[in-house]
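Student: Just so you know, the protein sequences line up as chains A and B, in that order.
Quick note on my numbering: the first sequence kicks off at 1 and runs consecutively.
Quick note on my numbering: the second sequence kicks off at 1 and runs consecutively.
No wet-lab data here; the hints were simulated from the structure.
Be careful, since some hints might not be right.
Claimed, not checked - Listed next, the in silico DSS-like pairs over lysine-lysine satisfying Cα-Cα at most 30 Å (straight line): (1) B:Lys200 with A:Lys299; (2) B:Lys520 with B:Lys441; (3) A:Lys458 with A:Lys433; (4) A:Lys432 with A:Lys511; (5) B:Lys567 with A:Lys511; (6) B:Lys464 with A:Lys416; (7) A:Lys511 with B:Lys542; (8) A:Lys432 with B:Lys200; (9) B:Lys434 with B:Lys411; (10) B:Lys467 with B:Lys520; (11) B:Lys411 with B:Lys399; (12) B:Lys356 with A:Lys457; (13) B:Lys200 with A:Lys107; (14) B:Lys434 with A:Lys107; (15) B:Lys185 with B:Lys296.
Claimed, not checked - To spell it out: a stretch of chain B is covered by chain A in this simulated footprint if at least three of its residues, at any positions, have a beta carbon under 8 Å from a beta carbon of chain A; those stretches are: (16) 33 to 46; (17) 56 to 63; (18) 101 to 111; (19) 125 to 135; (20) 207 to 215; (21) 267 to 276; (22) 407 to 417.
What the hints assert, rightly or not - Stretch-level coverage of chain A by chain B, calculated; a stretch enters the list once three of its residues show a Cβ under 8 Å from a Cβ in chain B: (23) 31 to 42; (24) 224 to 234.
Idealized CB from N, CA, C, for every residue including glycine.
The residues making up each chain are set out below.
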Amino acid sequence: MKRLAIHLKNYKAHLVWGPFFKLLEAIFELIVPLVMAQVIDEGINNNAGTGYILSRGFLILALGVVGLCCALICQYVASKCSQGYGTLLRNDLFSHVNKLSYKELDKFGAATLVNRLTADVNQMQNFVAMMIRLFIRAPFLVIGAAVMAMIINFKLALVFLAAAPLIALVLYIIMSRTVPHYKTVQKKLDTVTGITRENLSGVRVVRAFANQDYERTRFKAAAEDLTRTSNTVGAISALLNPLTFAIINVAILAILYFGGGIVNDGEMTQGEIIAFVNYMTQISLALVVVANMVILITKSSASASRVLEVLDTQPSITDEGNTQVVPDDDAPAVSFDHVCFGYGDGEYALDSLTVDVRRGETVGVIGGTGSGKSTLINLLGRFYDVSEGSVRLFGTDVRKYPLEQLRTTMAYVPQKAVLASGTIRSNMQWAKKDATDEEIWRALEIAQAADFVRGKKKGLDEIVERDGRNFSGGQRQRLTIARALVGSPKILVFDDSSSALDFATDYALRKAIAESKGDATVFWVSQRATSIKNADKIIVLDEGEVKGIGTHEELFDSCEVYREICLSQVSKEENAR
Amino acid sequence: MNMSTKELVKRLLKYVRPYRFLLFVAVISSFISVAASLLTPVLIGDAIDFIVGKDNVDFSQVIRYIGYLGITIAFATIFQWLLSWSTNKLSFSTVKDMREDLFNHIDRLPLKYIDSHAHGDLITRMGNDIEQISTGLLQGFSQLLNGVFTILGTLVVMFIVNWILALVVVLITPVSLFVAAFIAKHTHDMFIKQATVQGKLSGFGEEMISNAKVVQAFSYGDDADKYYAEVNQELYNYGYKAQFYSAMSNPCTRFVNGLVYAAVGITGALLAVNGIGSVSAGLLSTFLMYSNQYTKPFNEITGVITELQTAMAGARRVFAVLDEPTESDDSLLPEIKECDGTVRLDDVSFGYTQDKILLQHINLAVENGQKIAIVGPTGCGKTTLINLLMRYYDVTDGKILVSSHPVTDVKRDSLRKCFGMVLQETWLTGGTIKENIAYGKRDATDDEIIAAAKAANAHGFITKMSKGYDTVVSEGGDNLSQGQRQLLCIARIMLTHPPMLILDEATSSIDTRTEIKIQKAFGTMMEGRTSFIVAHRLSTIKEADLILVMNDGNIIEQGTHDELLAKKGFYYNLYNSQFAPV
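Just chain A, same shape as in the assembly:
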C-alpha cells in the first residue's frame, strides 16, 4: 500500500484542504434547516416581524454563497490532486512494466497489463477524488443530521437511530447482491461480442461450412442468457429506490406521530418538527452516497491490489552494478558454453548447447516448432537468464553487460513483424536516435523495402498507424528488418523473420545482407532449409536437443533430422546442387 500512497506525497496539503472545505460546506448545509425553523417559529408563529424574516433570509443566502465557494474550492483541489495522483501512478507503472523481463511479462500477459495501466489506474484516480469529496462529507452529514436531531429533541431522535441503520442495511444488501451480478452481466456481454468477433474474423470458414444458421442459434442463446441475467439484476436493483423511499417516509410518519405528543407536551415546537422532517430527507440522500462509497472502495481496492501486484513484481533480469564492457577482439563473437534453459520446472527447452561463433560468421538455426530456436535467440539477448552454463559475447558473459550496451550491440528482427505508430523515419530511428536519412535509406535498400517506401507519397515521413496496420505483412516484415539494420549492429538476429516474403524477395534480401554486413555476425533462424543452406555454421535443434552443428554438406551426410528437413522441402538432386 505504501507503494501506492507514495504518489500522494506531493498532495498532502490538498488532502487536508479538500475535505476541510467540503466539511465547512456540509456544516453550512446543516445550519439552513435550523434557520428556517426559526423563521417559522419566531417569524410566523411569534410575529417577530418582517425585518427579522428578511435578516434570516439573508443569512440563508449568505450560508449558500459561502457554501458554494467552499464546495468549489474542494472540487478544484480534488480534481488537481486526483488527476495528479493518477498521472504519477501511471508513469510509474508504465516505466515499471518496461523494466520487467520476459519471464514476468509472460506471467502477466500484455492484455492484463494494459488493462491495469488504464482501467485500474483510472479507478484509483477516481477513488482519490471521491475520497476527498465524499469520504468526510457523507458520513458527516449522516452523523451531523442525527446529532442536530438529538440536540433538538433526544427522544424523537431515536426514530433516526432506528431508521438510519435500516436504510444502510437495505442499501448494503441490495448493492452487495447486485454488484457480483454486474460482473456476470459484463461477462455475458463479452460472450455476445465475442461470438460477433469470431464470426467476423472467421467469416470465410463459417460460410465455407455453411454454418450461418448454427452461429445464429449460438448467438441467440448467448443473447437470451444475457437478457435473463440482466433481468434478474434489474429486478433486484429496482428495489433500491422504492425501499429507501418507504423507510424514510415511514420514519417521517413516526416523527409526526410521536412528535405530535411531544409538541403537545410543550417540549418541541412546530418549526422543529419541520426541521426534523428535513433532516430525515437529508440523511437519506447522504446514505445513498455512503452506500456508493462502499462499492467504490471495494472496486478500488481490487484495482489497487492489481496495480500493486505489478509494481511489486521485480524484474528477474537486472544489470545492477554492471559497467561498460570493453569487447575482447580476439574472443569469439558469441559463445554458448554448455547452455541449458527451462521456462518452468519441466524439461529444458534448450539442453546443453556449446558452440563458438567467430566474428563475421553467418549461423543458421533450424528445427521444427518448439525445438528451441527462439529460446536460443532469447538467451543471446539476455531476455531470459540461462539455467546452467553461460552465454558470452566478445569474451564477456552477457550477465556482466549493462543491458543497454548488450542490446545495442545486437539487433533483432522478431518473428511477428510489428511497427510502432509514428512515421517510417521514427520507426527506423529506434535503435539509433540520430540516424541520418542516408543511413535509413541504406538499411531500407538492403531490406528490400526502399522501393515501396519510395512509392509512398511522403517517403520516410509516411505515417505508420498502430501496429503498422496500414502496411501489408510483407512490407511490415521488410521494415522491421530495416529497423534492425540501422545503426550497423555487430550482431544481427533474424528470428524466422522472412516467412511473409516470397522466395524471390527472400533470396534478394539474403544476398543484400551478405554483401553489406561487413564483419557483423548473423544469426538466421528459419524453418526453410534453403534460407540457411549457405550459412557458415548450421545448428540443428529438435525438441530442445542439439542434433548437430556444421555446414550443410556435413550435416546432410551426418545428421538425420537435418536431412529429413531438407528432403521434405526439396528433392534430393536439388539438395546436392
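Use these hints to put chain B onto chain A, whose structure you have.
Tutor: Leaving out everything else, chain B in the frame of chain A:
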C-alpha cells in the same frame, strides 16, 4: 445514411412495439408513483398543521393523516418498483431483439463489406452502442417520464395551493438550467480534448506493452517512458480541468436549489406575517419540499439529455449497419446435389473496386481429380481466385461454373459445401477441440472425430493435453501453438470429406517434419479429388497437374512443373531463386 431523428425514433419504436404492454405499465406506474410521492408532502404538511404547539395538537386529525400517508407511501413504493421493473424489462428485451437482428444481418453481409470495415468497429456497435441504447432507454426513458410528470404535478399542486409561492419557484428554477448549460458547454470541450489524449495515451501504452519484447530488444524503454510521461502530462492538463468543470455542476445546482429554498421560505413567511393568501407553517413546509421535488428533474435534465443523445447516436450507428445490403437471396435457387469435381472459368475479370481490375480475362477448365497449383509473388491475386471460387465475391465480368452450374445460379451453401478449405490464417471457434473438429459436421460420432484427428496427425498432441478432446480452445487460442491450430483446421476438413479441396498456404506455419506427415494425409485426401493449392514452398506443388503462375493479377504461365522449367520464364526464375547461393 443521414437518418432524421424522427425516422430514428420511429425505427426504435418498431423494436419497442412487441413490448408495448410493458411500455403501458411503465407510463401508468410512473404517473401513479409520481402522484403518490407528490401527495406525501401535502399530507405531511397537513398533519403538521395539526401540531401547532403546547396543548394544541389535534391527535385524531394527525392520526387520520398518518393513515392517509401510509396508504400513499405504499402506493408510491409499489409503483416505483413497477416502473423500474417494467422499464428494465422493456429495454433488455428490446435490445436483445436488436442484437439478434444485427447479428443475423452481419451474418448475411457480403464479404466485400466485412473485409473492408474494421471488425472492432462492428463489434463496438454490437456491444457498446447497443448497451448505450439500453441505458438510454432505461434511464433516459424512466427519468424523462418521471421528470415530466413531476414537473407538471408539482406545478399544478403549487399553483393550486398558493400561486404567489408557485411563481417564486417557477421563476428561480430555470437559473439552474442556465448554470447547467453553461457548465456543460465548457465541460464538453474539455472532455473531448481529454478523450482524445486519453485515447492517444492508452493506444501508445497498449502498443508498447504488447510489443514489450521488441521494445526491450531495442532498449527503447527509456524513450517510451519519456514519450509516455509527456502525453500523460498533457492528459493531466486537460484531465483536471475537465474533472473540475464537470464537478462544478453539482455544487452550483445545489446552490440554486438552496436559493429556491430560501426564497420560498422567506416569501412564505412574509406572506404569512402580512396575512396574504393564508399561508400556514404546514403549507410552507409542503412548499419547501415541493420546491425540492420540482427542481430535481431540472438538475437531472442535462444527464438525461446526454443519455438520450448517446443512445440516439448508438442507434444511428446500429441502423446504419442494418441498412447495408445483404448478399442476394438464394433461397429459391437450386442446390448442387452431386458435385462432379469440375470447375470452369469463362473469361473471368474481377476487381475489388470498379476502377482497379485485378484479374483479367481468365480462362480455365479443371477436370475432376486434377491438382491445380497457384504460385506467384505476394499480392499477385492467388487468394482472390479462391474468393471467387467460394463466391465470397462475385466476378465483375465473365462466368464461373462449378459442377457445370454457374455459381450465381445455385444456393451459396451448396456451392461452398463442394469445397473443403484450409487457410493460412487458422480460425477456431470458442469451444472444445472436439467441437472444433466437428464444426463442419456437428453430428459426427467420437470415433469419426478421432479418425479425422488421426488423419490430420493431431491425435497425438490432443491426447497429451490434460483434458484431451474436451480441452477448451481459449479465445486467443494461446493454449495451442500456431501449428497445432492448423492441424485442427485440417482435421476439421478431414471429417467432412468434401468433393474438392482448397489449400491456401495451409502448411506454412507447421514445421517441416510434421508437414511431411500432413502432406501424406493430404495426398490420400486429394486422391481423386479436385484440389486447388496455393503455396510458397515450391516443393509442395511440383506434383500438380497444372501450375498457374500468377503475377499482377494475370495468369502469365501455365503448365506442369517440367514444362514450365523448360520454358525458362517467370516460374523458372522463381523456382531457382531458392537454390541460388548466398
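Student: Against the structure shown, which of the earlier numbered hints fail to hold, in ascending order?
Tutor: No hint contradicted; all consistent.
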